[in-house]
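Trainee: Here are the chains, one letter per residue:
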Amino acid sequence: MKKFLFIFSFFFLILLILVAIAPNLFTAQDPSLQNLDLILLEANSEHILGCDWLGRDIWSRLIFATRYTILSGMLVSFLTLLIPLLLSGYVLFRGDFINNVYLQIVDTFQIFPPLLLAILISARSDGGFLTIVTALVLSGWAANGRLIRAYLLEIKNRDFVLVAYSLGASDFRIFFKHILPNVISPLIILFSLRTGMMILAESTLNFLGLGGGEDALSWGAMVYGGKQFIGANFLVSLYPATAIALTVFCFQVLGEHLETKYRPKISGRLK
Amino acid sequence: MSDENQPPILEVKNLRKFFPVYKGIFSKHVADVRAVDNVSFVLNQGETLGLVGESGCGKTTVGRSLSRLLEPTSGEVMFQGKDLIKLSSKELRKARRDLQFIFQDPYSSLNPRKTVSDLIGEALLFHGLVANEEQKDERVRELLVKVGLSASYLNRYPHEFSGGQRQRIGIARAIALNPKLIVCDESVSALDVSVQAQVLNLLMDLKDEMGLSYIFIAHDLSVVKHISDKIAVMYLGQIVEFGYTQDIFKNPKHPYTKALLSALPVPDPTSKSKRILLQGDVPTPINPPPGCYFSTRCPEVLPICTEIPSPMKWVSSSHHCKCHLVNDRREINFGFPDDMKDDRRASQETLSVSDQEKLLKQKESKEENG
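So the protein lines, in turn, are chains A and B. Start counting the first sequence at 1; every next residue gets the next number (my numbering). Start counting the second sequence at 1; every next residue gets the next number (my numbering).
It cannot be assumed that every hint is accurate.
With the C-beta cut set under 7 Å, the calculated list includes, among others, these residues of chain A facing chain B [as the list claims (entries may be wrong)]:
(1) F78
(2) A150
(3) E154
(4) K156
(5) V163
(6) L167
(7) H178
The set of hints was computed from the structure by calculation and includes no laboratory data. A virtual CB, placed ideally from N, CA and C, is assigned to each residue, including glycine.
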């Protein structure tokens with residue numbers, strides 16, 4: 001069953017990425033074409049999932065919103081790993097004082113519940129893709145701050161790093177050539193797990209109307225727009241909500257699969 | 001063997017490494033762990049110095065402080081005429097080319113993500129000793145053959161090798177830069193005995209071939225006896241006895257050295273070994289005893305030993321010992337040759353006259369009683 005879930009998730013995510021790259025291959029409809037006659041239309045052969053409150057084709061909107069969701073999720077997840085990686089990589093070679101400053105900054109960011117911080121940041125500006133990404137990166141990077149520092153510290157204390165020093169290698173070389181290759185696999189696992197969470201957070205922000213309102217081409221915004229008509233046609237909200245749930249689920253399954261496979265001791269699932 | 005006329009390759013003077021102990025919410029500095037406490041020694045070109053002592057006595061810390069893998073608290077490390085302690089980090093990186101390490105654990109000292117070619121040849125590239133990958137591979141092949149491995153192992157990963165083979169890779173890496181001095185930190189203690197002998201012989205062959213000097217850190221006395229020209233016996237961060245291997249083994253002066261040597265198994269079932277069993281534990285290096293550090297366990301302890309530490313005394317010009325029971329023959333037999341007055345080997349510290357009288361009296365009364 002676990003294996004089936006993994007295979008399913010893997011191919012589903014491949015499919016999603018294909019959709020994100022070339023949405024035109026999957027739908028012939030224009031996602032922003034409004035048609036008064038088709039408002040809250042039930043599914044038919046031309047509009048396979050029906051139409052929303054402005055008469056736009058739901059299927060094509062789902063397809064075109066995939067790019068936004070996948071891109072923002074992966075970008076945010078990547079940046080929330082990259083920032084603490086570079087920062088803790090830097091403080092790794094500095095003294096106790098700088099290390100403590102770094103940890104204090106991480107802790108300060110972690111005082112705020114991440115979503116609350118993201119809402120605060122995005123509510124201050126006019127919304128849009130970059131706002132959402134910035135808000136999520138600023139609120140999310142600290143959660144990885146200590147973890148990634150711990151990964152790096154563990155590798156840095158191995159003998160081969162000492163050997164590299166004794167050979168006359170510079171700090172820069174030691175970080176990029178000796179330490180980094182040894183933390184890549186836990187980082188990939190973290191990336192997969194984080195992407196799912198970040199897609200959820202991005203959808204939440206859009207659902208709250210902070211990402212450019214109900215007309216933004218995002219799954220979260222589609223749920224947000226559809227909720228006003230939930231009595232008339234709840235499917236308008238249900239389709240994008242299902243897409244979000246499925247995507248997050250698949251990233252989670254993938255991440256957990258990688259974790260059991262490559263770090264069985266740490267994830268505690270060694271039989 | 002060594003050439004006494006050449007300037008020594010390494011002179012260590014008063015090397016100290018203290019690890020601070022912090023306590024309380026304000027991280028108040030309360031004490032120091034005196035891992036290395038005033039260690040001085042001299043190593044000539046082409047010599048092997050064996051550094052022995054029980055675990056926790058600071059052998060490894062001495063080795064690592066030499067090239068500042070651990071920053072020493074104070075002291076001088078004159079290596080090829082330069083004080084390593086004073087070098088900037090850039091100069092230090094250059095100087096480290098000539099001072100290489102072979103570590104204890106052949107498993108953790110090889111980066112699992114690198115091929116043999118990268119492990120051995122990386123430093124060649126970034127020190128500019130070879131121009132490109134082809135030259136590097138060529139050189140690595142030579143080195144592999146030199147340490148008794150097949151040149152075809154070039155693109156393998158460390159996990160494909162046995163412990164002995166891995167240690168050979170570590171040796172190839174250390175000699176790749178044509179160093180002058182190699183610090184072998186328990187380099188053979190993780191290997192089984194037959195492989196130990198092979199690796200030791202390899203090290204000795206390389207020494208003759210490349211004119212290397214070694215600092216050989218070990219706790220196995222038979223290994224040290226096999227490979228070393230000189231031996232330094234360490235106890236609680238200090239060198240308590242220093243001399244040529246044969247002098248130390250035939251004529252140990254310090255009670256600690258005697259006890260250590262008595263623990264060596266004798267390959268003769270009929271011989272009755274007079275094993276000296278030491279009582280008690282090693283005192284904590286945070287708060288060592290006031291006098292001689294060994295006084296708490298010494299079977300031949302005098303009252304003065306618990307009050308005043310002994311200076312380094314000369315048993316002969318090349319055999320030094322830090323013990324009150326030993327007669328300092330430096331002034332009587334050797335004098336101070338003019339050119340040796342500033343020699344760091346001639347320790348400046350001596351006992352005060354009153355202490356010397358006290359010591360003499362205590363020795364006499366001991367002889368009368370026993």
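Trainee: A separate judgement is required for each hint: does it hold in the structure or not?
Mentor: Do the hints match the structure? See the list:
no.	hint	in the structure
1	F78	violated (22 Å)
2	A150	violated (18 Å)
3	E154	violated (12 Å)
4	K156	violated (12 Å)
5	V163	holds (5 Å)
6	L167	holds (4 Å)
7	H178	holds (6 Å)
Checked against the numbered hints given earlier, the structure breaks hints 1, 2, 3, 4 and satisfies all the rest.
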